[in-house]
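S.K.: Sequence:
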Amino acid sequence: GMVDDQFRQLQSLQEDGGSASGFVAEVATLLIDDADRIINDIGSLLDAGGT
Numbered sequence: 109g110m111v112d113d114q115f116r117q118l119q120s121l122q123e124d125g126g127s128a129s130g131f132v133a134e135v136a137t138l139l140i141d142d143a144d145r146i147i148n149d150i151g152s153l154l155d156a157g158g159t
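One rule links them: number in my numbering = place in the sequence shown (from 1) + 108.
Treat the hints with caution; some may be incorrect.
Label-pair distances were calculated between CB atoms; the ranges are [said to hold, decoys possible]:
#: 1; residue 1: Phe115; residue 2: Ile147; range: 17 to 25 Å
#: 2; residue 1: Leu153; residue 2: Phe131; range: 30 to 38 Å
#: 3; residue 1: Gly130; residue 2: Ile150; range: 12 to 20 Å
#: 4; residue 1: Gly157; residue 2: Leu121; range: 37 to 45 Å
#: 5; residue 1: Glu134; residue 2: Asp112; range: 17 to 25 Å
#: 6; residue 1: Gly109; residue 2: Glu134; range: 16 to 24 Å
#: 7; residue 1: Gly157; residue 2: Asp113; range: 31 to 39 Å
#: 8; residue 1: Ala133; residue 2: Gly157; range: 35 to 43 Å
#: 9; residue 1: Glu134; residue 2: Met110; range: 14 to 22 Å
#: 10; residue 1: Leu154; residue 2: Gly130; range: 31 to 39 Å
#: 11; residue 1: Asp113; residue 2: Ile147; range: 16 to 24 Å
#: 12; residue 1: Ala143; residue 2: Ser120; range: 20 to 28 Å
Source of the hints: derived by calculation from the structure; they are not laboratory data. Cβ atoms here follow ideal geometry from the backbone N, Cα and C, with glycine treated the same way.
Turn these sequences into a full structure, and let the hints guide you.
M.R.: Pasting the structure below:
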């Protein structure tokens, strides 16, 4: 899917080396932080729906 394609593009940048490696690490960190926030938001919504 779209996320897979973007991940492959990031891998390609990282393999090229140079300053792109720092960029790839930053994008991965942002993605993980966003995923963590989204999962927590979903959990809160599920908890609120059960009351």
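S.K.: The structure should be examined with respect to each hint, and the outcome stated for every one.
M.R.: Now the hints, each set against the structure:
| no. | hint | in the structure |
| --- | --- | --- |
| 1 | Phe115 to Ile147: 17 to 25 Å | holds (19 Å) |
| 2 | Leu153 to Phe131: 30 to 38 Å | holds (33 Å) |
| 3 | Gly130 to Ile150: 12 to 20 Å | violated (31 Å) |
| 4 | Gly157 to Leu121: 37 to 45 Å | holds (40 Å) |
| 5 | Glu134 to Asp112: 17 to 25 Å | holds (20 Å) |
| 6 | Gly109 to Glu134: 16 to 24 Å | holds (22 Å) |
| 7 | Gly157 to Asp113: 31 to 39 Å | holds (34 Å) |
| 8 | Ala133 to Gly157: 35 to 43 Å | holds (37 Å) |
| 9 | Glu134 to Met110: 14 to 22 Å | holds (20 Å) |
| 10 | Leu154 to Gly130: 31 to 39 Å | holds (37 Å) |
| 11 | Asp113 to Ile147: 16 to 24 Å | holds (23 Å) |
| 12 | Ala143 to Ser120: 20 to 28 Å | holds (22 Å) |
Violated hint for the displayed structure: number 3, the only one.
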